[in-house]
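K.L.:
Read off the chains here:
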Amino acid sequence: MASETSKRELGHDDFDPIGTLALIALYFLLLVFLWLFMYFVEFLGNEPTVVGLI
Amino acid sequence: MNIHTYEKLWLVGAMLLIVGFIATVTYGAVGVGVTMIDDSEETIDPTQLDEDERFSEPRVEQVGENEYDVYVVARQFMFQPDPIEVPAGSDVTFYVTSADVIHSFSVAGTNVNTMVIPGEVSTMTVEFDEPGEYGIVCNEYCGSGHHAMEAMLIVQPEDEFELEEGEN
Numbered sequence: 001m002a003s004e005t006s007k008r009e010l011g012h013d014d015f016d017p018i019g020t021l022a023l024i025a026l027y028f029l030l031l032v033f034l035w036l037f038m039y040f041v042e043f044l045g046n047e048p049t050v051v052g053l054i
Numbered sequence: 001m002n003i004h005t006y007e008k009l010w011l012v013g014a015m016l017l018i019v020g021f022i023a024t025v026t027y028g029a030v031g032v033g034v035t036m037i038d039d040s041e042e043t044i045d046p047t048q049l050d051e052d053e054r055f056s057e058p059r060v061e062q063v064g065e066n067e068y069d070v071y072v073v074a075r076q077f078m079f080q081p082d083p084i085e086v087p088a089g090s091d092v093t094f095y096v097t098s099a100d101v102i103h104s105f106s107v108a109g110t111n112v113n114t115m116v117i118p119g120e121v122s123t124m125t126v127e128f129d130e131p132g133e134y135g136i137v138c139n140e141y142c143g144s145g146h147h148a149m150e151a152m153l154i155v156q157p158e159d160e161f162e163l164e165e166g167e168n
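Just so you know, the protein sequences line up as chains D and Z, in that order. Residues in the first sequence are numbered consecutively from 1, following this note's numbering. Residues in the second sequence are numbered consecutively from 1, following this note's numbering.
Bound-form chain Z, shown alone (with noise of 0.2 Å):
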């Protein structure tokens, strides 16, 4: 078979372009440790979050000695809890589900974002290097005051952060 040799030179580039498609993928995950969120989690029954030992009360709780986990509960139009406060230098694990319908839990302005589905449970480890303050919005359209859905995250400096009372 006879090839041009500008033709070999493109077929070269076009692999040569997957590769590193593929290559740069694959260090996000490996390297950055970047991961999707998936749907792993036991589904639960929507209606009955109030007799569910992780959302039937919403709150920031820690488990290990930088390790956070959030049970956030989304419902028209609001989330709890509400302001979601963290400490800096912590991996936080949230799980986010919905008590009526689809809903979107967004860290304005990060990677960090999903679709909250009724009975799902979307479980997402975020790392907060520095104190600051994010906005979480809706971004799946709930109903008519979708506009108005929006907590605050707070991730406030390692030595200020004090768990609630009654919290943990």
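This is chain D alone, in the form it adopts within the complex (with noise of 0.2 Å):
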């Protein structure tokens, strides 16, 4: 049971969530490379494509 002793006060930018950092540029370097990937080499390496003026 936590105690009024044991309460401590955190200022804004003492929070630092390193692991959610890291896990989000985690997901965000895998979308960054799937998005890449589905488009340059899925879509516009699956030849033919339809071309033309826009």
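If you're looking for bench data, these hints aren't it; they were derived computationally from the structure. Some hints here could point you the wrong way.
Residues from chain D shown here face chain Z by an in silico Cβ test under 7 Å; the list is partial [stated by the list, open to error]:
hint, residue
1, 5
2, 21
3, 27
4, 28
5, 46
6, 48
7, 49
8, 50
9, 51
10, 52
The structure presented is a predicted model; accordingly, all values stated were derived computationally and were not measured. Ideal Cβ placement from N, Cα and C applies to all residues, glycine included.
Join these two chains into a complex; the hints should help.
P.N.:
Dropping the structure here:
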């Protein structure tokens, strides 16, 4: 049970969720890699493609 | 406003991601020339295809030095003409319409894939660089024979290609 004496104050920038940051960074890199793979390899690599003027 | 350093990182990262998505699609459209198949063609009467100058005789037609037009009619349960023969190293524009129900014109294993709607003309230009054979299938359920609705697209070596008699 937490007593009054064990309470500690955390300032705004003292909160440091480095694990969450690392996890999101990992998700981010995965997302970037999968997007590039899907667009450049799976889509543009699947020639011939419909081309023309916009 | 007090924003945590990590939150700033996540905000900037999310923005960069959106810019990156838009940049790749823009590169595809401007750099590679990828385009969408739209409904800009005039509508036609699907019951009167026999009298339509483009579709009364489905065919391959040469329109420029390395440019070909292909007029395709999809109907239950076939594509006309079959096979479609074009030379390698050419720009081929397909005009596809349906005589009866909704079909699709899908060159298997490629990005050439569109719905074919009675009354509408699906138009798409494709560059064929290498000789090869492709299957064309219908991927919109169009009736009891849907699974057998297929055709061949043959890209012939440039020096072997000849338009058949009566064509052009």
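K.L.:
Against this structure, judge whether each hint is valid.
P.N.:
Checked hints:
1. 5: This hint is violated: residue 5 (chain D) lies away from chain Z, its Cβ roughly 28 Å from the closest one there, beyond 7 Å.
2. 21: Because about 5 Å separates residue 21 (chain D) from the closest Cβ in chain Z, which is inside the 7 Å limit, the hint holds.
3. 27: 10 Å, violated
4. 28: This interface hint holds because 6 Å falls under the 7 Å limit.
5. 46: 5 Å, holds
6. 48: 5 Å, holds
7. 49: Hint holds; residue 49 (chain D) Cβ to chain Z Cβ min 4 Å, cut 7 Å.
8. 50: 4 Å, holds
9. 51: For residue 51 (chain D), the interface hint holds, since the closest Cβ of chain Z sits about 4 Å away, which is under 7 Å.
10. 52: 4 Å, holds
When each numbered hint is compared with the structure, violations occur for hints 1 and 3.
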